[in-house]
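Asks: Read off the chains here:
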Amino acid sequence: MSSNPIIQVKNLHKWYSGVHALKGVTLDLRRNETVGLVGDNGAGKSTLINLLSGMQLPTEGEIFFEGKKVCFNGPADAMEAGIETIYQYNSMVPTMSIARNMFIGREPMIYSIGGIGILDSKKMAIESVQAIADVDLHLRSPDALVGELSGGQRQGVAIARAMHFKSKVMILDEPTNHLAVKETQKVLGFIKSLKKLGIPGIFISHNIHHVFECCDRMIAMARGEIVLNKRVEETNMTEILDVL
Amino acid sequence: MAGLVFLVILAVIFQARSGGVFLNTVNLQGILGLLPEVALVAMGVTLLMICGEFDLSVGSVFALTPMSMAVLLEAGWPFLAAITVGLFVAMTVGLVNGVLTVKFSIPSFITTLGMLFVARSMTVVISGGFPPLLPLNVIPKWLFVTYVGPGDMFRVSFIWFLAIAIGMTLLLSRTNFGNWVRATGGFLPAAKSMGIPTKRVKIACFMICSLLAGFAGTLQVMRLGAPLPSIGEGLELQAVAAAVIGGTALTGGIGTILGGIIGATLIRVIDNGLVLSQVDANWFKMALGALTVFAVILNAWLRKKAKSIKVETEK
Ligand SMILES: Nc1ncnc2c1ncn2[C@@H]1O[C@H](COP(=O)(O)OP(=O)(O)OP(=O)(O)O)[C@@H](O)[C@H]1O
Ligand SMILES: [Mg+2]
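One line per chain: the protein sequences are A and B, in this order. Numbering follows the working numbering, with no gaps: position 13 of the first sequence is 13. Numbering follows the working numbering, with no gaps: position 269 of the second sequence is 269.
Keep in mind the hints are simulated off the structure, nothing from the lab. No experiment lies behind these values; they were computed from the predicted model shown. Heads up, the beta-carbon is just placed ideally off N, CA and C, and yes, glycines get one too. Don't take each hint at face value.
[What the hints assert, rightly or not] Pair ranges (Cβ atoms, derived):
hint, chain 1, residue 1, chain 2, residue 2, range
1, A, Glu225, B, Phe294, 56 to 62 Å
2, B, Val275, A, Arg140, 46 to 52 Å
3, A, Glu80, B, Ser121, 43 to 49 Å
4, B, Val138, A, Lys123, 48 to 54 Å
5, B, Ser105, A, Gly67, 37 to 43 Å
6, A, Cys71, B, Leu113, 38 to 44 Å
7, A, Ala144, B, Gly20, 44 to 50 Å
8, A, Trp15, B, Ser105, 19 to 25 Å
9, B, Ile110, A, Ala144, 32 to 38 Å
10, B, Gly128, A, Lys123, 41 to 47 Å
11, B, Ile110, A, Leu241, 47 to 53 Å
12, B, Leu28, A, Ala144, 38 to 44 Å
Please model the entire structure based on the sequences and the hints provided.
Replies: Structure follows, in structure tokens:
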């Protein structure tokens, strides 16, 4: 069982009115494997991620999650299944507190009818403090606004959120974008800690050094296709730069 | 909050200038009697602005709703049915505003600007040019506009206003829906990627905003006893001013219902205070305009100040 791939993608195509952004992508994501996804601007990395996270529907092709065929009609479906995505832009609302951000769309409630109800603020405060401590992030208070955090801390909170909701797969689309060296190191640290926890992940970055530093497998994309898919031991930087 | 500071300062000034009339019972009665009408509109507009959208049609809905009710009452409908249809009309306007805005991804500024004219025009058309007479005997005045409380301090409408204000505050601060509203207005891509039905959240806010404006207009018509097709003109901008004075950000995500109420109170107080101080009434808009800009500047300054204090105490 544990040797089965957790995600299987078969012959995935995506057209954006005239643009063929994905041209038949097939790949397996194994359990206990962190995959690095690299490729030039416009190669189709984010498009692939958008299909896996339910932001968009594929034009053609199939996605299997834990062996079962899935059809994600929205991000909520993918999150429900256990796929957490941390986006290229920040998926935090800067004008809201850390505790509020942790639970956007998945608020614990004391009482509710038809999906709308009273927030369990106490639980939100306690659990967000716990979740943040679990990823070794040190923040003053769960009531601080996310807008007051540094870029690296924000990604840290996003990762804490994903961990808190027991994600089975973590997808990170350029989480180190716009981050300074020190902050980047923190985020890379988070990614390495995922591996220790046995959570498989897909990590997208333009910095091949970073990808080599924390991934087990390299996948390179160019013009909507996968052009290389090897374990890190079997490849090297020059080969990857060559195919791109 | 800048609004609160202004409120206290103005109360003191007007009290002095009017020789003590400003804070006497009769005058407070006047302010509190009118306040619910503006404040209800301001609350709805505040909620919608927090959600990241605008509604310029509230002034027209303010007139259309009671006019629909009055026309039906004149045709012999019972009160409850007529007011229900009136409020239903208001919600439908909100629904149309919301659906047009999110389905076609156009700025709500445009959608509701169009609706401002459409709803106003409909008001005049259904009134047939002559405003119908409200059959006063069928309106349960005791439920809406009669004076109550110690010394007949306020009208029943004030109790409606308080209840709705508390409900709206709780909705925004204590429910998951409120969380979604803030997230949608605060940063739309993040809200979407967390699986929030942002389109439906926006449409719901448009509908609540319209409903409150319609109810407010209905209160005013019951107070005046006649549905004039011209009521509520310019109210949309007063409501935006109230929201902004109360600390709501035009960019969405930031603001409170209480802030909107304080802003609305401030506007009523200026209007009333200028009259009492025997200042030419034409100064009202000037004062309102200056106050709006000044309040925003002060709010921005206070926010920066608060941030720097936080940073200092962190060390
Ligand atoms: N929503 C969209 N509508 C239309 N075209 C799109 C959309 N999203 C992506 N594309 C197009 O699809 C192609 C792949 O884009 P994608 O964002 O997947 O690239 P990427 O590999 O993530 O690039 P980057 O490294 O710059 O993030 C590009 O040609 C892009 O212009
Ligand atoms: Mg991308």
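Asks: Now tell me if each hint is right for this structure.
Replies: Hint check results:
For the pair glutamate 225 of chain A and phenylalanine 294 of chain B, the beta carbons lie near 59 Å from each other, so the given range of 56 to 62 Å is met. For the pair valine 275 of chain B and arginine 140 of chain A, the supplied restraint of 46 to 52 Å holds, since their beta-carbon distance comes to about 49 Å. The given range of 43 to 49 Å is respected by glutamate 80 of chain A and serine 121 of chain B, whose C-beta atoms sit roughly 47 Å from each other. As the Cβ distance of valine 138 of chain B to lysine 123 of chain A is approximately 50 Å, the hint placing it in 48 to 54 Å holds.
Restraint check, serine 105 of chain B to glycine 67 of chain A: a C-beta distance of roughly 38 Å satisfies the suggested window 37 to 43 Å. At roughly 40 Å, the beta-carbon separation of cysteine 71 of chain A and leucine 113 of chain B lies within the given 38 to 44 Å, and the hint holds. Take alanine 144 of chain A and glycine 20 of chain B: their Cβ atoms lie about 46 Å apart, and the range 44 to 50 Å holds. Checked against the given bound of 19 to 25 Å, the beta carbons of tryptophan 15 of chain A and serine 105 of chain B, roughly 21 Å apart, stay inside it.
Distance hint for isoleucine 110 of chain B and alanine 144 of chain A: a CB-CB separation of about 37 Å, consistent with the stated range 32 to 38 Å. Checked against the hint of 41 to 47 Å, the pair glycine 128 of chain B and lysine 123 of chain A fails, with Cβ atoms roughly 57 Å apart. Distance hint check for isoleucine 110 of chain B and leucine 241 of chain A: the Cβ-Cβ separation is about 49 Å, which falls inside the suggested range of 47 to 53 Å. A C-beta distance of roughly 40 Å is found between leucine 28 of chain B and alanine 144 of chain A, which places it inside the suggested range of 38 to 44 Å.
Against the hints set out earlier in the document, a violation occurs for number 10 only.
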